[in-house]
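A.B. asks: If you want the building blocks of each chain, they are given just below.
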Amino acid sequence: MGAIITAIEYVYPKQKISNEDLSNQFPEYDFSKFEEKVGIKNRYWVQENETAFDLAKQACNELFKKINKDDIDYVLYCTQSPEYFLPTTACILQNHLGLKKNIGALDFNLGCSGFTYGLSLAKGLINSGQAKNILLVTAETYSKYLHPKDRSNRAIFGDAAAATLISFSIEEYIGEFLFGTDGAGYDKLIVKNGCSKSPFNAEVEEIEYGTDNIYSDNHLYMNGPEVFDFTNNVIPNFTKEIVLKNAMALDKIDQFVFHQANAFMLNFMRKRLKIESNSFFIDMEDGGNTVSCTIPIALKKYSQSINENENILVVGFGVGLSWCGGLIKINRKL
Amino acid sequence: MIKQDFLLRLKEELELEATLEGSVELKELDEWDSMVTMVLIGFVSNEFDVILNPDDIKEMTTIDSLMSRIGMEKFN
Numbered sequence: 000m001g002a003i004i005t006a007i008e009y010v011y012p013k014q015k016i017s018n019e020d021l022s023n024q025f026p027e028y029d030f031s032k033f034e035e036k037v038g039i040k041n042r043y044w045v046q047e048n049e050t051a052f053d054l055a056k057q058a059c060n061e062l063f064k065k066i067n068k069d070d071i072d073y074v075l076y077c078t079q080s081p082e083y084f085l086p087t088t089a090c091i092l093q094n095h096l097g098l099k100k101n102i103g104a105l106d107f108n109l110g111c112s113g114f115t116y117g118l119s120l121a122k123g124l125i126n127s128g129q130a131k132n133i134l135l136v137t138a139e140t141y142s143k144y145l146h147p148k149d150r151s152n153r154a155i156f157g158d159a160a161a162a163t164l165i166s167f168s169i170e171e172y173i174g175e176f177l178f179g180t181d182g183a184g185y186d187k188l189i190v191k192n193g194c195s196k197s198p199f200n201a202e203v204e205e206i207e208y209g210t211d212n213i214y215s216d217n218h219l220y221m222n223g224p225e226v227f228d229f230t231n232n233v234i235p236n237f238t239k240e241i242v243l244k245n246a247m248a249l250d251k252i253d254q255f256v257f258h259q260a261n262a263f264m265l266n267f268m269r270k271r272l273k274i275e276s277n278s279f280f281i282d283m284e285d286g287g288n289t290v291s292c293t294i295p296i297a298l299k300k301y302s303q304s305i306n307e308n309e310n311i312l313v314v315g316f317g318v319g320l321s322w323c324g325g326l327i328k329i330n331r332k333l
Numbered sequence: 000m001i002k003q004d005f006l007l008r009l010k011e012e013l014e015l016e017a018t019l020e021g022s023v024e025l026k027e028l029d030e031w032d033s034m035v036t037m038v039l040i041g042f043v044s045n046e047f048d049v050i051l052n053p054d055d056i057k058e059m060t061t062i063d064s065l066m067s068r069i070g071m072e073k074f075n
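Heads up: the sequence lines are chains W and L, in that order. Residue numbers are given in numbering that gives the first Met the number 0: position 110 of the first sequence equals residue 109, and the series is strictly consecutive. Residue numbers are given in numbering that gives the first Met the number 0: position 50 of the second sequence equals residue 49, and the series is strictly consecutive.
In short, the hints are calculated from the structure, not lab data. The beta carbon of each residue, even a glycine, is placed where N, CA and C say it ideally should be. Keep in mind that a hint or two might mislead.
[As the list claims (entries may be wrong)] Label pairs and their computed distance ranges (CB to CB):
hint, chain 1, residue 1, chain 2, residue 2, range
1, L, K26, W, D29, 52 to 62 Å
2, W, E275, L, S44, 16 to 26 Å
3, L, S44, W, K68, 45 to 55 Å
4, L, S44, W, E204, 12 to 22 Å
5, L, E12, W, Y83, 21 to 31 Å
6, W, D285, L, S44, 35 to 45 Å
7, W, E207, L, T61, 19 to 29 Å
8, W, E47, L, E58, 48 to 58 Å
9, L, L28, W, N126, 24 to 34 Å
10, L, L28, W, G1, 36 to 46 Å
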């Protein structure tokens, strides 16, 4: 008895923001260096009246061209850009998509570790006999949280949604997963205002950080150097632990698909793990860092070259601080 | 690595304009920003197997101070 990823579809918003567009906004900054190091050429942002939920619906409708929506008996919706404080966005999605009513549906609030968490939860629901076809949706619009003068984060983050179907399978395609949490780093990537602890403040002051970057407590703040340090300290060893947990060896993994955070950082970790670049997925040029959507997008892209069973190690890490990874098998083009 | 080679490599890796010497204040350089910091961490790790953390970066002033953090014995 086991679980398998049967299909993935993803969408970006229509509004494409190139590095040239950003150069026009920030003429004093050389984006060619950013492009070379961080590896991003374009990102896509929603319009003001468009939400993560709109993207989620589009991604799901793409998925329904391939699978029967009546088979879905559980919805896991991962977002930090919900439609409302309440109700749960997954409930609204059930209605909008015309899914059956006798199904489970819940939101979970995670960022870059969200997709791998979702896979692990889906596997648990299937293997415990509680569901057979789980719709895992990741939908994120960090662009709405970015300060207009926050050059660094505007260059990194893009919006997207991905819809993944995880189904019951005779054979197990989703292996062992491991988790990590360190809430001491809660404020290394945070939107402070607008929720319960501190309300949205119309009079908020602008805060300068890094080199000529500006944010406010109403906006997203990321302590880049600290997040970089956390990732490089934790993720390479965590990756080795996942390999051990699955009784595998690093050189038996066909492809490593990490959260696509920053090409330089990914290469830095790749070298520390002594992994060849052809076994390590990096593709951020078009789309940038789409938070919980980078891994399903990468899996969809990478799977286009798959003809036989491949062992793929997936690792998500970021806001929380939270990290999660595991081994999956994919045997065909998704 | 001898100091002179280190200075040349540092200039090349960080894509710096200025001619480097030990007394140059890294954070005063025109190019200094979080991305250059990231590239510096990568370079130092690859060459010397030393991982600079955010506190190291905070405390670092001149190139000489960077070299003493890396370990002067590595520049003989």
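A.B. asks: Decide, hint by hint, whether the structure agrees.
C.D. replies: These are the hints, each one checked on the structure:
At about 18 Å, the CB distance of L/K26 to W/D29 disagrees with the hint of 52 to 62 Å. Against the hinted window of 16 to 26 Å, the Cβ-Cβ separation of W/E275 and L/S44 comes to about 19 Å, which satisfies the hint. Between L/S44 and W/K68 the C-beta distance comes to about 48 Å, which sits within the given range of 45 to 55 Å. The given range of 12 to 22 Å is broken by L/S44 and W/E204, whose C-beta atoms sit roughly 37 Å from each other.
In this structure the supplied range 21 to 31 Å is violated for L/E12 paired with W/Y83, their Cβ-Cβ distance being about 48 Å. Between W/D285 and L/S44, the C-beta spacing of about 29 Å breaks the proposed range 35 to 45 Å. In this structure the hint that W/E207 and L/T61 lie 19 to 29 Å apart at CB holds, the actual value being about 25 Å. The hinted window of 48 to 58 Å between W/E47 and L/E58 is violated, with their beta carbons roughly 43 Å apart.
Checked against the given bound of 24 to 34 Å, the beta carbons of L/L28 and W/N126, roughly 55 Å apart, lie outside it. Between L/L28 and W/G1 the C-beta distance comes to about 55 Å, which lies outside the given range of 36 to 46 Å.
Comparing the model with each numbered hint stated earlier shows that hints 1, 4, 5, 6, 8, 9 and 10 do not hold.
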